[in-house]
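A.B. asks: Single-letter residue listing:
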Amino acid sequence: MPKPILTLTTDFGLSDHYVGTMKGVILGICPRAEMVDISHQVSPFEIAEGAWLIAQAYSWFPPKTVHLVVVDPGVGTSRRPIVMEAAGQYFVAPDNGVLAMVYAREKHKIRLISNERYFRQPVSQTFHGRDIFAPAAAHLAAGATPARLGKVVEDYLRPSFDKPQRSGKRTWSGRILKIDRFGNIITNFHASDFPDLERRGFTMAIGPHQIGTLAHHYAESGPGELFLIAGSSGYFEVSVNQGSAAKRIGCEAGAAAELTVW
Amino acid sequence: MPKPILTLTTDFGLSDHYVGTMKGVILGICPRAEMVDISHQVSPFEIAEGAWLIAQAYSWFPPKTVHLVVVDPGVGTSRRPIVMEAAGQYFVAPDNGVLAMVYAREKHKIRLISNERYFRQPVSQTFHGRDIFAPAAAHLAAGATPARLGKVVEDYLRPSFDKPQRSGKRTWSGRILKIDRFGNIITNFHASDFPDLERRGFTMAIGPHQIGTLAHHYAESGPGELFLIAGSSGYFEVSVNQGSAAKRIGCEAGAAAELTVW
Amino acid sequence: MPKPILTLTTDFGLSDHYVGTMKGVILGICPRAEMVDISHQVSPFEIAEGAWLIAQAYSWFPPKTVHLVVVDPGVGTSRRPIVMEAAGQYFVAPDNGVLAMVYAREKHKIRLISNERYFRQPVSQTFHGRDIFAPAAAHLAAGATPARLGKVVEDYLRPSFDKPQRSGKRTWSGRILKIDRFGNIITNFHASDFPDLERRGFTMAIGPHQIGTLAHHYAESGPGELFLIAGSSGYFEVSVNQGSAAKRIGCEAGAAAELTVW
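So the sequence lines, in the order shown, correspond to chains A, B and C. First residue of the first sequence? That's 1 in our numbering, and the numbers climb one at a time after it. First residue of the second sequence? That's 1001 in our numbering, and the numbers climb one at a time after it. First residue of the third sequence? That's 2001 in our numbering, and the numbers climb one at a time after it.
Derived from the structure by calculation, the hints contain no laboratory data. Where a beta carbon is used, it is the ideal one built from N, C-alpha and C, also for glycine. Among the hints, erroneous ones may be present.
Dumping the calculated DSS-like pairs for lysine-lysine here, alpha-carbon to alpha-carbon at most 25 Å [unchecked claim]:
#1 Lys3(A) - Lys2064(C)
#2 Lys109(A) - Lys64(A)
#3 Lys64(A) - Lys3(A)
#4 Lys1003(B) - Lys2003(C)
#5 Lys1003(B) - Lys2064(C)
#6 Lys3(A) - Lys1064(B)
#7 Lys1163(B) - Lys1107(B)
#8 Lys1247(B) - Lys2247(C)
#9 Lys1064(B) - Lys2003(C)
Partial selection, computed: residues in chain C whose CB lies under 7 Å from chain B [unchecked claim]:
#10 Trp2060
#11 Arg2181
#12 Phe2182
#13 His2217
#14 Tyr2218
#15 Ser2232
Calculated from the model, a selection of chain B residues having no Cβ within reach of chain A, i.e. all distances over 10 Å [as the list claims (entries may be wrong)]:
#16 Gly1088
#17 Asp1095
#18 Arg1105
#19 Glu1106
#20 Leu1112
#21 Pro1159
#22 Phe1161
#23 Arg1175
#24 Glu1258
Working from the sequences, and respecting the hints, build out all of it.
C.D. replies: Given below as structure tokens:
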């Protein structure tokens, strides 16, 4: 029988003991769990970035994988823990929108996690990742059904950071979702929503910078030239061949990106 | 039979091959080992920070877990390798105080690691993590008893960085143990040693900054206000709601923190 | 039967989803794989640094280990994917020299990876790590023979960044391969090629700095003094006791290092 897979996505970083501590709790409940880190470098408290990361990663994992996502600025307040079934997998997270880019595209069922028998007791005020989310995820990996954790809810949070808004006849206002390790600027414009950019001509504006070239692979353009490319995730990215587009432009996740199509 | 769990805590960082190399050695000796990283981002040579990290993490792991802790500024000198039994678990480390915050609170038995049959030969002058500590930990995970590694010793190092010192009738001098990823400033004042701070009133001084408010969760205070909170570890931390207290104050691990109780 | 071991070395960093995504693909093909990260912090596009890292790590892993090495500035161009058998292990990488420091020292057989049945379809233009290299490595870990992946080739890339060049009767011109976490400056001068430095006397020059002392362990010299030491890898490193030699000198990977022997 294959080992249950459990992924982790957090803003805890790797210099503290928090991630290791959650893994100790998980192995105590589900010793067979195969744990895979997606990233622990989500910018602190940046829910949209966490939402983006898990949405890029989940579909590459086998059925029944349990995804634990803890970006949780509201820990200690009344925000609720939830478990979602979607795409044949499970997702455990706070109800703050961090799963929104998955439930925007997949049929899903969401439940509150309310059964305290699945919590690690006593529950601290400051570390629900260890005391609520990790135990719930580990029990799912060990075979508990989501129905054991709590009741289905419909009033979960529905944020809207995953699509650009139409702002004129030929213009859309979007945003930067993420700067990747290579300095590529990942926007929330999905290539499939804008299929004929190249034929029609376009301008993507980020601050004072204008990008008007669409490339098909990273090595296609000359050194230093900014271009748009459909990244491996399907979203358009602003890139520079063998350089950092984010440094060239000087921008961060969350900033505005405006598209005009001719 | 569940897999043996082996955790790793080092100051090797993640950009070099050192951690991967140790894991290769471990899997060569104990192929079933389930390895969990606590952190490899201990500040270089900072024994107190490593001591703090493993002391926060170990109790969340199942019985028989082997904890490998390599923060080892004295590699190549005569400092000794040790193995400790405590809390139903095993700890392998240099005898330089890096296990002190565990043996301060747990019944323990400490042995030298002297049986060279458990070393990886030849032993280098510069990488005992790979040649002595990792093999010893892997052999424990594979079922060797600590007694096979060497004899019990009583003269292991006893540093004293884990408790504040009383410096006056109403004052204690402590220190900053760790700045966490979110900029929370973790002190060596344990909440259980100061149970009535809120009722009596207090001031925590770090450099020119004075903190006089105790909060019960991170979201309780207004943005930008410094407050004290009992962190998930039980120690008091200086924090700011959704911000970095360490950046506000401008301090580092090792700096002084003085408490006055009214 | 022991689990197949699969190591990963990339320049993807840990803040993105790329590494986690590759691991999801690997577990989908080979659920029993034991994955070990060597490093994902190779400087972006720095083939020599990746070559250095895998060459330091591979020999510490058990036979049959599969090493996946993705430092791939040419993704999307015509550079070819290859699989190498060497030292009783397997290596999967782009044909850009990133395996050169392994095949410089081991008997080896190199094949193209051309059998598209082992690719993840559709193959993207921008992420061959996920669509070609990870699946090929996972199929090897699951038991496929290298011969299934493609034909033996002899015209693989042979770069020459792994040895200093003789530049005079008593001088050699080399380079800095890597700055490690502690600021040690790792050169491409192998200690076994220069066995009598200490007896004859020498000067290692990096920029305006001259190092003329050879130490046998890190704690031997006074604080602040630069010295040469044969590191755990066998190559000479420039170091400072409990400090960063790279910060003292102000140098980076790729810079020149000149040795004069008297």
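A.B. asks: Checking each numbered hint in turn, tell me which of them this model violates, lowest number first.
C.D. replies: none
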